[in-house]
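Number of protein chains: 2
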Amino acid sequence: MEQKIPYKIYLNEDEIPTRWYNVRSDMKNKPAPLLNPGTGKALTLEELSPIFCEELCRQELDNDTPYFDIPKEILDFYKMYRPSPLVRAYFLEKALGTPAKIYYKFEGNNTSGSHKLNSAIAQAYYAKKQGLKGVTTETGAGQWGTALSMACSYFGLDCRVFMVKCSYEQKPFRREVMRTYGANVTPSPSTTTEVGRKLLAEFPDTSGSLGCAISEAVEAAVTHEGYRYVLGSVLNQVLLHQTVIGLETQAALRKYDIKPDIIIGCAGGGSNLGGLVSPFVGEMLRGEADYRIIAVEPASCPSFTRGKFAYDFCDTGMICPLAKMYTLGSQFIPSANHAGGLRFHGMSTILSQLYADGYMEARAVEQTSVFEAAELFARVEGTLPAPESSHAIRVAIDEALKCKETGEEKTIVFGLTGTGYFDLVAYEKFNNGTMTDVIPTDEQIAASLAKLPQVPQAE
Amino acid sequence: MEQKIPYKIYLNEDEIPTRWYNVRSDMKNKPAPLLNPGTGKALTLEELSPIFCEELCRQELDNDTPYFDIPKEILDFYKMYRPSPLVRAYFLEKALGTPAKIYYKFEGNNTSGSHKLNSAIAQAYYAKKQGLKGVTTETGAGQWGTALSMACSYFGLDCRVFMVKCSYEQKPFRREVMRTYGANVTPSPSTTTEVGRKLLAEFPDTSGSLGCAISEAVEAAVTHEGYRYVLGSVLNQVLLHQTVIGLETQAALRKYDIKPDIIIGCAGGGSNLGGLVSPFVGEMLRGEADYRIIAVEPASCPSFTRGKFAYDFCDTGMICPLAKMYTLGSQFIPSANHAGGLRFHGMSTILSQLYADGYMEARAVEQTSVFEAAELFARVEGTLPAPESSHAIRVAIDEALKCKETGEEKTIVFGLTGTGYFDLVAYEKFNNGTMTDVIPTDEQIAASLAKLPQVPQAE
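Protein sequence lines correspond, in order, to chains A and B.
Numbered per my numbering, the first sequence spans residues 1 to 459.
Numbered per my numbering, the second sequence spans residues 1 to 459.
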């Protein structure tokens, strides 16, 4: 007889993973290295360490070590919000009338409202361990900035967040959460950096951009003694920290002897998707199991499905290293009508390589259909999802409806990365029926890809 | 050896209480009945049932039945967000350096963001069972309206919320959450009711009041076929539904053989405090145990600590029944600078009687000290608390600091009713240092109490 599976599977606290899993160690084709845009050579520890904390640089460059022990201080902090529940979506299954079994790993039950806290606490810890005074970063929507503020507050580190000016003004609530955690939040562009002052002199009325905020945060880090820059997605180190999601999911599934058929995650820079699927992809890489992995991206920023696998700048400012990834071109800007996050032009190099090697599928979805899924989910499962997470919900529902047609009892697992409490301007548009879809034309993408950098030939 | 207590104690799903506990059944001095303001006689089922659902009227009037079975449909819904965790505040204890052991029952992990959902789902269920089309209610800050929207969406009931106009305009996010759950949200005063039209004709620029919103919601219920009015606090039925909080807390404590010394809850109308403490007070009433119970109220609206135990109107509009309660007078309005909820002039009749009989203490706290406690709690425990809940945090911290002085290892349990994600305007004031305390003068309270109604003598 089938064991009755509860609505929420909670691991015990002593079952929280104590090691992160490095999926690169099992990849035959390693992700391509970050390149110095000046020389075309792979970036070294020496080049990276003025910008990032040393231990994090080591994690960034390590393609071989299979597991990293999670320091005790981070495990202690985990107790504040982990283990996170793996929820059986009985209500959603019933509403859909599907024979599929749907599960979601919910990472939103903390004040940052998302999975971002998993990497923030790790990065803050290594900064503290290195004896730094503080860290700098940028934030757009504010989830990463909030997570980092919480982590820095815990370790007594100074946290300087450059927040894109239009968000700073239009999302005062996110700003105030960060300030409540003691962060120093500066609207970007600001007069506190050279790059900010230069931009303001030229465009006094600019409302800022993520690219500019990155440049300011990097400048603030390298020009202040005892500071380093931290980033909440894309990087290998971030995916490593986020594997706690996938490892917990795996442990919860094993507890009830559940084998998933399909694993679904939303994909912007790849931190959540990579964290969720890494341990499962590891099984595939080692030939132990087979899964369908689906990355879901917005149709307005479709790097996997319409981008090119090539070296590109990670930032619109073209000052960061070159990464080989699926990209729409660093000058690609999603339409202003795009509501959620997931607006990065590129993608994690690890996930890009896995996708190129056939370990993952990708699907692009339009935002009105994403919000339809979000509304249904909120009503039947009781949690108002973040727009980002709702991309995964959309495809989970689509797959469950296919099962309804075919009668297949597939097991679907997806990542519910966060809650939508700070995204109600977008929900309001949806509720008013004024939300639209703007999808880039082939010409727009071709024009942006035409500006991909020439990679200098390393000798 | 002491059993190691986890950070979060979760009951299993089959340990969720299946009965609500009616504390009135164990009270020697029963709470005084609601009176008809015209006749001075106790309200009957016949008088109440045109306004409230019939089964809820029965619960309201029943002072004798000790337990009410929770219907299966409500137990099913509980699985969406219950059991809620009882959290050991190890981080807070460490930050305070106290030998006290602090626990909190966290009711905020659902999209309504508070405990209000516990009664909303019960009231929606009985409305559905009675074959009604829908329910009407009022909301100020929006927690109750959100909870009711979620509950009505689940049972397919129409939900009509009259939202105080200034909140409707200044808190668009709350409004949009309700709309996402399909509720019809109307700014009050509105032109949809007689009372609203009358008020608008006289004061076209009014920003509304809770009193007026109540009047509109009641009118809309009694003038529309198939509708009833529902209320989120104060009433006996609401306290009954909220006992699921206290019963779960009791079960979690027993699991680890923990006996609390002090139990603390914030008090506005009394729904959360009553729900949390009822089962513990029941033990006291039956002579089985002894606890210190502390009700915490805002110094700007101090009904327990500075009010009078007397019959008064439940609403500023003076159309609702008379209730015998600790009251500041129905015309008392807390200072506009008051940030959180808990602004009701009166108090649950059950809690009023228990307080009069010496089963509870009460303490009034100023809002700046409440936000200091909230900030500390957010930083060390990782959850941004609602201003209301932070009243309980303040006193829990004060009691823990007393233990630090005396060296006593007391066990403190408090109710963390909700999260503060929609209260960031208040946090912003606190962060900017512009939050102040305004406490009513003795003269103000005396003037308000002088207007208490003359209760007609029932023959």
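Some hints here could point you the wrong way.
To be verified - A few chain A residues that don't get close to chain B, going by computed Cβ distances all over 12 Å:
{"id": "1", "residue": "Lys198"}
{"id": "2", "residue": "Arg254"}
{"id": "3", "residue": "Lys429"}
{"id": "4", "residue": "Gln444"}
Unchecked claim - Output of the computed footprint for chain A on chain B, the stretches with three or more beta carbons under 8 Å from beta carbons of chain A:
{"id": "5", "region": "178-188"}
{"id": "6", "region": "329-337"}
{"id": "7", "region": "369-380"}
FYI, nobody ran anything at the bench for these hints, they're computed from the structure.
Just so we're clear, the structure is a prediction, and the values are computed from it rather than from any experiment.
C-beta atoms are modelled at their ideal positions from N, C-alpha and C, and glycine is treated no differently.
- Item | Non-conforming hints, listed in increasing numerical order | 3 and 6
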